[in-house]
Amino acid sequence: MTHTRRLQLKTIPLILISIILGPLGNVFLGKAMKRVGSPALGRTLDLVPIACRVLTSGYIWLGVACLLAFFVVHMLLLTWADYSYVQPATSLSYFSITVLSYFLLGEVISPMRWLGVALICFGVFIVGRTSPSTTGAPERA
Amino acid sequence: MLEVVLFFFIVVAGTGGELCVSRAMKSIGEVHDFSPRSIINFVLQSLRLPWMWLGIALMSLGFFSLLGILSFQEVSFVVPVSALSYAAGALGARAFLGERVSRNRWIGIAVVCLGVTLVWWSRR
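Keeping their order, the protein sequence lines are chains A and B. First residue of the first sequence? That's 2 in my numbering, and the numbers climb one at a time after it. First residue of the second sequence? That's 405 in my numbering, and the numbers climb one at a time after it.
These aren't lab readings, by the way, just hints derived from the structure by calculation. One should not assume that every hint holds.
Chain A regions said to be covered by chain B (calculated; three or more residues, Cβ under 8 Å) [what the hints assert, rightly or not]:
hint: 1; stretch: 72-79
hint: 2; stretch: 115-121
Quick list of in silico lysine to aspartate or glutamate cross-link-like pairs, EDC-like style, CA-CA up to 20 Å [as the list claims (entries may be wrong)]:
hint: 3; chain 1: A; residue 1: K35; chain 2: B; residue 2: E478
hint: 4; chain 1: A; residue 1: K11; chain 2: B; residue 2: E434
hint: 5; chain 1: A; residue 1: K35; chain 2: B; residue 2: E407
If you anchor each label on the Cβ, the simulated ranges turn out as follows [as the list claims (entries may be wrong)]:
hint: 6; chain 1: B; residue 1: I444; chain 2: A; residue 2: P112; range: 40 to 50 Å
hint: 7; chain 1: B; residue 1: L406; chain 2: A; residue 2: Q9; range: 36 to 46 Å
hint: 8; chain 1: B; residue 1: N445; chain 2: A; residue 2: I18; range: 17 to 27 Å
hint: 9; chain 1: B; residue 1: P454; chain 2: A; residue 2: V73; range: 18 to 28 Å
hint: 10; chain 1: A; residue 1: H4; chain 2: B; residue 2: V409; range: 38 to 48 Å
hint: 11; chain 1: B; residue 1: R441; chain 2: A; residue 2: L116; range: 44 to 54 Å
hint: 12; chain 1: B; residue 1: Q449; chain 2: A; residue 2: P112; range: 46 to 56 Å
hint: 13; chain 1: A; residue 1: R6; chain 2: B; residue 2: P454; range: 30 to 40 Å
hint: 14; chain 1: A; residue 1: W62; chain 2: B; residue 2: A461; range: 29 to 39 Å
hint: 15; chain 1: B; residue 1: I511; chain 2: A; residue 2: A52; range: 38 to 48 Å
Every residue gets a Cβ at the ideal spot worked out from N, C-alpha and C, and that includes glycine.
Bound conformation, chain A alone:
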């Protein structure tokens, strides 16, 4: 088994896990912050009650838990794979975040937005087909 093949066998499952965890975390954060509402600008005193409402929201902690789990998986990936490979590859999550926003938050996704997300995923696909590591063990003979 080549070095690249072996790397891909452990890289791909971890990337799939992070594609679910990251967006789920963001959906929970979005749900929590919509309930809290936006602060009145320029009134710093408002920040205290808002911070309290944020910190006592169950959805915030659920979101943070998902994002923390995502972060650990992401760190593991970064110990062997290039950042400029991992970031694009895990970012298939832009598709799953749109689907989750539609089903869990009831957001209306316009055709223009779907097209934009599709382009983002296509860009990700192009980038994802490059080698996982360019600074580590050289593949060139």
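Go by the hints and put chain B onto chain A.
Structure of chain B alone, referenced to chain A:
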């Protein structure tokens, strides 16, 4: 305007933080063992690195900006637009981590940026 400022922090501070974390991770080296004990060791080892803490500080700034913008904008708008961090990530990875970014990756990143533009136009 507030949106633009918050997106700036999400993209620049968030990506800068990830680059710092990546630099810290590369100094630890490839992880081969996935037992709970070695994962805990790996986390403790990473917390002793200054790059890790700088990364965490920058990513926190990005995170609170994200919370701020999510209080008045849709998740399906905010997260795709934050994909601008691709361009920032590739530039930063080249300059700061010495990674070679191939022509194909640049093409992919350009397509991503085009997608972000369309999502931005779909703003409500």
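Hint check:
{"no.": "1", "hint": "72-79", "verdict": "holds (count 4)"}
{"no.": "2", "hint": "115-121", "verdict": "holds (count 6)"}
{"no.": "3", "hint": "A:K35 x B:E478", "verdict": "holds, 9 Å"}
{"no.": "4", "hint": "A:K11 x B:E434", "verdict": "holds, 12 Å"}
{"no.": "5", "hint": "A:K35 x B:E407", "verdict": "holds, 16 Å"}
{"no.": "6", "hint": "B:I444 x A:P112: 40 to 50 Å", "verdict": "holds, 47 Å"}
{"no.": "7", "hint": "B:L406 x A:Q9: 36 to 46 Å", "verdict": "holds, 42 Å"}
{"no.": "8", "hint": "B:N445 x A:I18: 17 to 27 Å", "verdict": "holds, 21 Å"}
{"no.": "9", "hint": "B:P454 x A:V73: 18 to 28 Å", "verdict": "holds, 20 Å"}
{"no.": "10", "hint": "A:H4 x B:V409: 38 to 48 Å", "verdict": "holds, 44 Å"}
{"no.": "11", "hint": "B:R441 x A:L116: 44 to 54 Å", "verdict": "holds, 47 Å"}
{"no.": "12", "hint": "B:Q449 x A:P112: 46 to 56 Å", "verdict": "holds, 48 Å"}
{"no.": "13", "hint": "A:R6 x B:P454: 30 to 40 Å", "verdict": "holds, 35 Å"}
{"no.": "14", "hint": "A:W62 x B:A461: 29 to 39 Å", "verdict": "violated, 21 Å"}
{"no.": "15", "hint": "B:I511 x A:A52: 38 to 48 Å", "verdict": "holds, 43 Å"}
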